[in-house]
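K.L.:
Please construct the entire structure, taking both the sequences and the accompanying hints into account.
Protein chains in written order, with our numbering: chain A, 16 to 328; chain B, 9 to 343.
Hints are not guaranteed to be accurate.
With the Cβ distance kept under 8 Å, some of the chain B side facing chain A (calculated, not the full set) [stated by the list, open to error]:
#, residue
1, I50
2, M162
3, S166
4, V174
5, L175
6, L184
7, I284
8, L314
No lab work stands behind these hints: they were computed from the structure. From a predicted model like this one, the values you see are computed outputs, not experimental measurements. The beta carbon of each residue, even a glycine, is placed where N, CA and C say it ideally should be.
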Amino acid sequence: MSESGSETGHGLFSDRPRSPWADVLRQFRSHGGAVAGVAILGLLVLAVLAGPFLWRLDPAFIEPKATDMFKMRNLAPSLAHPLGTDQLGRDQLARMLAGGRVSLAVGFVAMLISLVIGTTVGVLAGYVRWLDGPLMRLTDLFLALPLLPLLLVMVMLFRDALSGVLGPEAGAFLLIVGAIGLTSWMQAARIVRGDVLALKEREFVLAARSIGTPPHRIVLHHILPNVISPIMVAATLGFASAIITESALSFLGLGFPPDFPTWGRLLFEGVEYMQADPNRVLFPGVAISLTVLSINYIGDGLRDALDPRLRRR
Amino acid sequence: MLTYALRRLLLAIPTLLLISLIIFLMVDMAPGSPMSEIPRSIPPEARQRMIEALGADQPVFMRYLLWLRQFFLIEPAYLIDGWFGTSLGGDAQRILSWQSRAPVFDVIGQRLGQTMTVIGAGYVIAVLIAVPIGVYSAYRQYSWFDQIGTFVSMVGYSVPTFFTGVLLIVVFSVELGWFPSVYDTTLRVTDWDSFLRQVRQMVLPVTVLALFNAAEISRYTRSAMLENLGQDYVRTARAKGLLEPRVVLKHALRNSLIPVVTVLALGMPSIFGGSIIVEQVFKINGIGAALIGAIIASDLPMVQTLTFIFAVLIVFFNLVADILYGMLDPRIRYE
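P.N.:
Right, here's the structure in full:
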């Protein structure tokens, strides 16, 4: 890699100090799997975001006349429908693109929720001494809950209530995102708490406190920037597992409503038709697996890049 | 050590009580009720009596206490009755399923065997594959074997089990026709022929579970081995002239297995959780399928009991992992 070599030279011989993030980036770029992961995930995100503008078929379009609809059902891949059509004659490519948007959005938002909860709990438990015991007991309690069964129960309980208020799509989205976020913050909380406990005894925090910095500013300005790397790693892993959880829920038939495509839902619907047309399960399955695989590789690369002890010079 | 184990055991009781309360209250908010199953042609007085018989007219807290009593006192009593022919249970009310009106534990008892066979086989095979791979990957770190192993385990860990399962069905039962895609739970193993049929139908689900778990376990084994192979005692063992297999397989492996065993114990509950999906894919009639069926039919006692059993498993195996860790590693001392 000539590019990274020249950067090393730049860092060593110029007067400008090297920023730590440049180091991280350089280390990250030397991790082949992580770079491939970024490329593949970037392509998938781009396809899902820009795809519907290029591929303008409506994913929910069904031929209004029954005779036309029957002719359109379960078509093999062709130029007009590159991935074929489903049992109602809807275009599979358009449905894959729409489904991917939902799947990625669910993963992303659920990850954000779990990060916010996890970081808050972790910082509070690490920084405020009397909260440490209760919050960690709470974390242990959540870790002992059977999560998949509880998620299923939560979806069963609140789906109708929420979709009554917000409409079926928004209700299901909010419910699934919230349920996944509420049940996946524990690892992040534990990691952040450990780091905060170690950080708050360090000299720079002591210095900040001794000049009278209020606690909330110590946390926001001095502690949080230093726990950002474990949070980033936890974020990537949380993103991947949220996508898997959502597809698992949809696969069990307890995720999004039937007409609302997500990759998990498409896979679930495809299972019925897999003997006639294996593509129906292959495409959504490969899409989920590729996304999760590339996110996991990015997480791997990030962990290596953010840990200065692992950095090979 | 014993006091530590006892203390942990005592601490597990409030945890379990709290979890049972959470589960009970959550499930109790569900819209379903035993009434929705009773046909409209039944007169209201009879309907009222049926609801009373099921205990569904009591306030929430009473129902919770009743359920706790049923779960912890009455059901174990019936279990002992079943084993020894005693009559401890007498005619006390058991937890009844709203779907089948049969005791929940009878249904679980019938189905647990299916789950345990498939899951147990999957886990054992996963360990048998993963440990040698992990050891060899660590021994030849950064070799092509290690590189491929890392990649395969990353893939195995990332591809969700419901897709691996469906993929295996497409390839091996739809295209090649080697194995059945649906698990026949009524099959009884009586002779060699039915035994072979049982093995054939277990191949696909067990492969799915084994692949997924082996990916994780082999990573843990590898990193534990890597840590131990760099230790002084390994160098000492080599320096005093021990043969390489003995150094690696006896000295290093034994110490590396300590964290691996803990991970195995900690992974047990998630195996049961994962079984929900695998059972759905292969139509295995186990407890995971029972849970899904109960959720769809709003069979609340069944859902409560099954979810709580999953919670008990998690707490139990966490305890086992902690105690095992202390027993296997003499450096760990609990005071």
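K.L.:
Confirm or reject each hint.
P.N.:
So, going through the hints one by one against the coordinates:
1. Violation of the interface hint for I50 (chain B) is found here, the shortest Cβ-Cβ separation to chain A being roughly 26 Å, above the 8 Å cut-off.
2. Here the hint on M162 (chain B) is kept, as its CB sits about 6 Å from the closest CB of chain A, short of 8 Å.
3. Annotation: interface hint on S166 (chain B) holds; nearest CB of chain A at approximately 4 Å, less than 8 Å.
4. About 5 Å separates the beta-carbon of V174 (chain B) from the nearest beta-carbon of chain A, less than 8 Å, and the hint is met.
5. This hint holds: L175 (chain B) has a C-beta 7 Å from the nearest C-beta of chain A, less than the 8 Å allowed.
6. Nearest Cβ of chain A to the Cβ of L184 (chain B): about 12 Å, over the 8 Å cut. The hint is violated.
7. Checking I284 (chain B) against chain A by beta carbon gives a least distance of about 6 Å; that is within 8 Å, so the hint holds.
8. Among the interface hints, the one on L314 (chain B) holds; its C-beta lies about 7 Å from the nearest C-beta in chain A, closer than the 8 Å criterion.
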